[in-house]
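Colleague: Residues per chain are reported as follows:
There are 2 protein chains.
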Amino acid sequence: MALIVQKFGGTSVGNTDRIKNVARRVARYREQGDQVVVVVSAMSGVTDGLLKLAREITPLPDERETDMLLATGEQQTIALTAIALHSLGLKAVSFTGAQAGIVTDLVHTKARIQNISPAEVHRALDAGNVVIVAGFQGRTPDGQITTLGRGGSDLSAIALAGALKADLCQIYTDVDGVYTADPRIVPTARKLAEISYDEMLEMAGAGSKVMQLRSVEFAKKFNVVFEVRSSLNDNPGTIVKEESTSMESVVVRGVSLDKNQAKITLFGVPDRPGRAARIFRALADASVNVDMIVQNASHAGGSPMTDLSFTVDKPDLLKANQIIAGLKTEVGFREAVATENIGKLSIVGVGMRSHAGVAAKMFDVLAHEDVNIDMISTSEIKVSVVIDLAKGEAATRALHQAFIG
Amino acid sequence: MALIVQKFGGTSVGNTDRIKNVARRVARYREQGDQVVVVVSAMSGVTDGLLKLAREITPLPDERETDMLLATGEQQTIALTAIALHSLGLKAVSFTGAQAGIVTDLVHTKARIQNISPAEVHRALDAGNVVIVAGFQGRTPDGQITTLGRGGSDLSAIALAGALKADLCQIYTDVDGVYTADPRIVPTARKLAEISYDEMLEMAGAGSKVMQLRSVEFAKKFNVVFEVRSSLNDNPGTIVKEESTSMESVVVRGVSLDKNQAKITLFGVPDRPGRAARIFRALADASVNVDMIVQNASHAGGSPMTDLSFTVDKPDLLKANQIIAGLKTEVGFREAVATENIGKLSIVGVGMRSHAGVAAKMFDVLAHEDVNIDMISTSEIKVSVVIDLAKGEAATRALHQAFIG
Numbered sequence: 002m003a004l005i006v007q008k009f010g011g012t013s014v015g016n017t018d019r020i021k022n023v024a025r026r027v028a029r030y031r032e033q034g035d036q037v038v039v040v041v042s043a044m045s046g047v048t049d050g051l052l053k054l055a056r057e058i059t060p061l062p063d064e065r066e067t068d069m070l071l072a073t074g075e076q077q078t079i080a081l082t083a084i085a086l087h088s089l090g091l092k093a094v095s096f097t098g099a100q101a102g103i104v105t106d107l108v109h110t111k112a113r114i115q116n117i118s119p120a121e122v123h124r125a126l127d128a129g130n131v132v133i134v135a136g137f138q139g140r141t142p143d144g145q146i147t148t149l150g151r152g153g154s155d156l157s158a159i160a161l162a163g164a165l166k167a168d169l170c171q172i173y174t175d176v177d178g179v180y181t182a183d184p185r186i187v188p189t190a191r192k193l194a195e196i197s198y199d200e201m202l203e204m205a206g207a208g209s210k211v212m213q214l215r216s217v218e219f220a221k222k223f224n225v226v227f228e229v230r231s232s233l234n235d236n237p238g239t240i241v242k243e244e245s246t247s248m249e250s251v252v253v254r255g256v257s258l259d260k261n262q263a264k265i266t267l268f269g270v271p272d273r274p275g276r277a278a279r280i281f282r283a284l285a286d287a288s289v290n291v292d293m294i295v296q297n298a299s300h301a302g303g304s305p306m307t308d309l310s311f312t313v314d315k316p317d318l319l320k321a322n323q324i325i326a327g328l329k330t331e332v333g334f335r336e337a338v339a340t341e342n343i344g345k346l347s348i349v350g351v352g353m354r355s356h357a358g359v360a361a362k363m364f365d366v367l368a369h370e371d372v373n374i375d376m377i378s379t380s381e382i383k384v385s386v387v388i389d390l391a392k393g394e395a396a397t398r399a400l401h402q403a404f405i406g
Numbered sequence: 002m003a004l005i006v007q008k009f010g011g012t013s014v015g016n017t018d019r020i021k022n023v024a025r026r027v028a029r030y031r032e033q034g035d036q037v038v039v040v041v042s043a044m045s046g047v048t049d050g051l052l053k054l055a056r057e058i059t060p061l062p063d064e065r066e067t068d069m070l071l072a073t074g075e076q077q078t079i080a081l082t083a084i085a086l087h088s089l090g091l092k093a094v095s096f097t098g099a100q101a102g103i104v105t106d107l108v109h110t111k112a113r114i115q116n117i118s119p120a121e122v123h124r125a126l127d128a129g130n131v132v133i134v135a136g137f138q139g140r141t142p143d144g145q146i147t148t149l150g151r152g153g154s155d156l157s158a159i160a161l162a163g164a165l166k167a168d169l170c171q172i173y174t175d176v177d178g179v180y181t182a183d184p185r186i187v188p189t190a191r192k193l194a195e196i197s198y199d200e201m202l203e204m205a206g207a208g209s210k211v212m213q214l215r216s217v218e219f220a221k222k223f224n225v226v227f228e229v230r231s232s233l234n235d236n237p238g239t240i241v242k243e244e245s246t247s248m249e250s251v252v253v254r255g256v257s258l259d260k261n262q263a264k265i266t267l268f269g270v271p272d273r274p275g276r277a278a279r280i281f282r283a284l285a286d287a288s289v290n291v292d293m294i295v296q297n298a299s300h301a302g303g304s305p306m307t308d309l310s311f312t313v314d315k316p317d318l319l320k321a322n323q324i325i326a327g328l329k330t331e332v333g334f335r336e337a338v339a340t341e342n343i344g345k346l347s348i349v350g351v352g353m354r355s356h357a358g359v360a361a362k363m364f365d366v367l368a369h370e371d372v373n374i375d376m377i378s379t380s381e382i383k384v385s386v387v388i389d390l391a392k393g394e395a396a397t398r399a400l401h402q403a404f405i406g
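So the sequence lines, in the order shown, correspond to chains A and B.
Mapping of the first sequence onto our numbering: residues 2 to 406, in sequence order.
Mapping of the second sequence onto our numbering: residues 2 to 406, in sequence order.
Bear in mind the hints are in silico, worked out from the structure with no lab data behind them.
If a hint is listed, it holds; no wrong ones were tucked in.
You can't tell identical chains apart in this list, so a pair holds if it fits in one copy or across any two.
Cross-link-like lysine to aspartate or glutamate pairs, in silico, EDC-like; alpha carbons within 16 Å at most:
1. 92 with 64
2. 53 with 18
3. 21 with 57
4. 221 with 195
Please work from the sequences and hints to get the whole structure.
Modeller: Below is the structure:
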């Protein structure tokens, strides 16, 4: 008898027929004798509908009250899921995040889980129930309702699996698992049977957005093994777990293309202390997320000058441009040039740690494809390059062919 | 500075514009320096929509999970109402029934309030907030979410007003207050400035359904003064309170016609002990609510026989007829005759206690109108008669003219 936590997102519970499908899937596990905890999101469209109501009243609703409002979405799904399980003859009981003992900090709309007291959940499981828990939500120590922000239901599931010492945590989604590359770009891409937390983090950071980074980080921190799999079929998914020795034999786990970055280059920046800090502090204060940063060597002759390039998320480009323009006099750069026509191409794999020459091979492949490299950034288990967007997909296929086959 | 509890029903908060209207009304009281607790229902249509979802899954959803589901309706309204108050520049904070300390028994979907611990509400009021509380809901001592059944939001407001020792409880509705008769039937009917709990109870029992009986009973039990008034205008409403000496000077407070009753007569019932008990026990077991019961004197000669008449709510007539038919052999009556063409006409007033001849005058008026009386039942402060439905409205006008003017 295993204890399994299963998480279903908004599409999987989007109407009562789909909720009945979820119940049938849960029932199959229950009938094998497993104990099952189900974590569900709001039915798709519900959260947006509630936010629309709030914004009909005021453009920027209070965050505590937004949490009070949004938490009802998941609460509706847990009740309907329990009702669907009852209709299959199973014992089931639903808990809000608060009732399930999910305690968070006080930061409304993006609270962090502080601890989970799963005594009530255990009691209900031991009484023979399937326990259904509202994802995305918790409560502060003094009983205020909070929500966890984007990807919060994944986080609820992983945190509950950790607190309950579950044997397995299954994240059901609309993809079959994690692939070596986006199958729409690389037809030969294949589903990975397993991947390490760090690889998953780098893949997610490189644009393969199966899950939010924070859920993977949480799973890594508390060593919660989870499986990403499809709610549309019974195929096994991808197991995400701590890296093992066998994982290191694979040099490159996956190739990822992020088309959602834009690049800004500042030409002729006076090379004096504090200039870079001033620029990136201003961007951070405006919540503009900067990914890659490259500073070229100073020009020879005259006063020392440098060129500075960095990437931001495309939707933030306008804001970033305005901030940079406002700093022109203060920082004293000569010219700022922005472009959206870039792709960030990455290869990821824990095996890189013990294999030399991976970056060199990558650059060779790209040179052979006549792809010019604009920026480079590396970590222990990843090499990323910024290239011309128009060549992104062909370059992805070439790297996949060279490293994975 | 007064402490006022204001309750707004589903129609008054039916969309975001109406919620903004509610907020403006609350703001006017707040700006006078009053402390305000607002109790709201679910937006109209929301509760029915949620029940429809549950019944798409199964015709008879579990009651605990139904409560979990339905409680989200009011939770949405409290958040939106708080957001609307913020947009007017007021401090406001919302509480679910559980957070407001409304503790109930364990009977899901029709829980009774056991006690209220309003410490959190007081704290929030003292911090300068308008406090918005979800009506219709509470929690069991061990933290399960419950709902209070029909009319539950009125009950929440009255119980909170009692627990908070509020100076006034205002029940906002779509009528201006309690009238001496239904203005659609009696054009000269006038709004009452005040009415006693008992009169209100008898008026409600007689078909003037401004509020559910249980809320009025609760107010009477805990001596909570409340005002029934319109959310569509600023007219003063009707104050409902303990009777005073001055109230007794009015003999008849109101005239009420209930068109929602049906009558069943059993002819030739053997007049032996236990027959009536058998019949009414069977009806009660099937949750058929019996209102008036009249047993005629036994017939002379032969074995003692009697005729037995009673009224039930019209929607229950079919069920009642089936139960009665099933008892024919056991009880041994000769024939059962049912009719829906009746009206129950009542006059209500605490002054009746000290005024003789009220019933006689009522019968005189009806005789003069050529109205035949079918059944009679009396209480200390009410006389009710069952008459032909076709004559109901004319008879109501005649009684109003004779007793109230």
